[in-house]
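Enquirer: Chain by chain, the residues:
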Amino acid sequence: MPKIKSLEELKKLREEAIKSMKVRESTGTKITVGMGTCGIAAGAREVMHAILDELEIRNIEANVITVGCIGLCAEEPLVTIERGGQPGITYGKINVGKVPKLLEEHLVKGNIIDEWVISRG
Amino acid sequence: MREISLHILDAVQNSIEADANKIYIKIREDYNQDKLIIKIEDNGKGMTPEFLKDVLDPFKTTRKTRHVGLGLPLFSAAAKNCSGDFKIDSKKGEGTKITATFQHSHIDRAPLGDMVGTILAILCSDKELDLYYNHQVNNKKFEFNTQEIKKILGNISLVNINVIKWLESYLKNNFKELYKNGGVLIAKN
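Listed in order, the protein sequences are those of chains A and B.
The C-terminal position of the first sequence is numbered 111 in the numbering used here, with every residue numbered one higher than the one before it.
The C-terminal position of the second sequence is numbered 472 in the numbering used here, with every residue numbered one higher than the one before it.
Everything labelled a hint here was simulated from the structure, so no lab data went into it.
Just so it is clear, the structure is predicted and the values come from calculations on it, not from any experiment.
Treat the hints with care, since some could be wrong.
[As the list claims (entries may be wrong)] Once the Cα atoms are required to be at most 25 Å apart in a straight line, the calculated DMTMM-like pairs of lysine to aspartate or glutamate come out as:
id	chain 1	residue 1	chain 2	residue 2
1	B	LYS448	A	GLU36
2	B	LYS410	A	GLU72
3	B	LYS459	A	GLU(-1)
4	A	LYS20	B	GLU286
5	A	LYS20	A	GLU(-2)
6	A	LYS83	B	ASP409
7	B	LYS455	A	GLU(-2)
8	B	LYS459	A	GLU72
9	B	LYS463	A	GLU(-1)
10	B	LYS363	B	GLU286
11	B	LYS322	A	GLU36
12	B	LYS448	A	GLU72
13	B	LYS363	B	ASP391
14	B	LYS424	A	GLU(-1)
15	B	LYS433	A	ASP104
16	A	LYS1	B	ASP313
17	B	LYS448	A	GLU6
18	B	LYS410	A	GLU44
19	B	LYS434	A	GLU6
20	A	LYS83	A	GLU72
21	A	LYS20	B	ASP409
Looking at chain B on its own, in the form it has when it is part of the complex:
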């Protein structure tokens, strides 16, 4: 995949397929430690230890539509190619947690890319879910969760086109703020 945000979207689609209705995305970018860490956690149906053992094998998949599952193997390869690491923890009936670590400055590391597009694609899912997003760049942080948004919206659907367009500009502006000054919070006088 051309962007890490596409791997994230893909992993979250797994969570949705696993009937998760709570999805947590945590991103940490630390320039000093030269690390990019991505954690995706869900409350989906989880995996048995036997399935977990083979989960990175493309020919082990829960898909019914075809017999090859490439999503997680691609994500894992992307991390490992960047002096990184890829871990999956899962408990049957409880959920799954994925941690992908990349060397931030690695020449082969794909850009994080369009996180706004990824978040919007998740929010437009046909399944009812809540997303908790937490992104830190050095010592700046942006947090966002759909619970808060839904509380304001009341009976208006999140996928209402006006709401989605508003969310897009809300997210864009907050990301711009997050990366300003290299993610370093400058104290105001």
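Bound-form chain A, shown alone:
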């Protein structure tokens, strides 16, 4: 049986990834999504997925990382954005619908959405 989306394709992808690596190192954007029980129950997995989709659509280079509970369970899903060594901004109660605006404002325009922020630095 031919294997769809074979691992061979991944080898090709590797070459492309190496080319873009230098660019990414200099911009260094990291997006962290809380993935404790609290986050998962509040929809954090779907939010993470929406972030991945949005990054791809807008062709934004960033690493998406999941972490455990940080203790702000009532504000889940939590998303922290860190850019190029600057202190992170943590947004609370992010849902799939808010993701496009969040990335548009914070990553594309460079504006922090104050009313969604729950913690800085």
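Following the hints, complete the assembly by docking chain B onto the known chain A.
Expert: Below, chain B alone, put in the same frame as chain A:
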């Protein structure tokens, strides 16, 4: 939780918190025996027999961020509500193994749901780990492990956005294949 895959993600987060760097997920769906069996095994720090005894009590938790741990009690309740069973074996210093069994056709059984999303969320963990995934539907099987992927990627990170998007479509296609014809392998002429 709305999906069993969310319970799985939650249980794996426990493994990660327990410093596991090898995580095994085994899923067996057997329509004839009407069973869905989920096994999650890790090489984390494990639990003492005393802690294990009370592990399904929501007020016994290793969390430092709050005093109630609901993950495993919810998983256990989900299985037991579906004529199923929930077992945890653990040895201090060796690891933990969870087995959840569900009646596959039970009216209250949540769908397995978005396993691709769960796998991606695990792979994006901030901790370095390897995932071994083995999913069987009747007599069809899909296996996947990050060791193999990392070998191909070399010095490229697994959480590179291009790699993650590729993995997403790789997993989606393989799951589609797994469930085709009700998980029954049709012999080719």
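Enquirer: Hint by hint, note whether the structure agrees.
Expert: Hint-by-hint comparison with the structure:
no.: 1; hint: LYS448/B to GLU36/A; in the structure: 15 Å, holds
no.: 2; hint: LYS410/B to GLU72/A; in the structure: 18 Å, holds
no.: 3; hint: LYS459/B to GLU(-1)/A; in the structure: 18 Å, holds
no.: 4; hint: LYS20/A to GLU286/B; in the structure: 28 Å, violated
no.: 5; hint: LYS20/A to GLU(-2)/A; in the structure: 28 Å, violated
no.: 6; hint: LYS83/A to ASP409/B; in the structure: 21 Å, holds
no.: 7; hint: LYS455/B to GLU(-2)/A; in the structure: 17 Å, holds
no.: 8; hint: LYS459/B to GLU72/A; in the structure: 36 Å, violated
no.: 9; hint: LYS463/B to GLU(-1)/A; in the structure: 23 Å, holds
no.: 10; hint: LYS363/B to GLU286/B; in the structure: 15 Å, holds
no.: 11; hint: LYS322/B to GLU36/A; in the structure: 23 Å, holds
no.: 12; hint: LYS448/B to GLU72/A; in the structure: 21 Å, holds
no.: 13; hint: LYS363/B to ASP391/B; in the structure: 10 Å, holds
no.: 14; hint: LYS424/B to GLU(-1)/A; in the structure: 21 Å, holds
no.: 15; hint: LYS433/B to ASP104/A; in the structure: 39 Å, violated
no.: 16; hint: LYS1/A to ASP313/B; in the structure: 35 Å, violated
no.: 17; hint: LYS448/B to GLU6/A; in the structure: 13 Å, holds
no.: 18; hint: LYS410/B to GLU44/A; in the structure: 24 Å, holds
no.: 19; hint: LYS434/B to GLU6/A; in the structure: 16 Å, holds
no.: 20; hint: LYS83/A to GLU72/A; in the structure: 18 Å, holds
no.: 21; hint: LYS20/A to ASP409/B; in the structure: 11 Å, holds
Violation of the numbered hints given earlier is confined to hints 4, 5, 8, 15 and 16; the remaining hints are satisfied by the structure.
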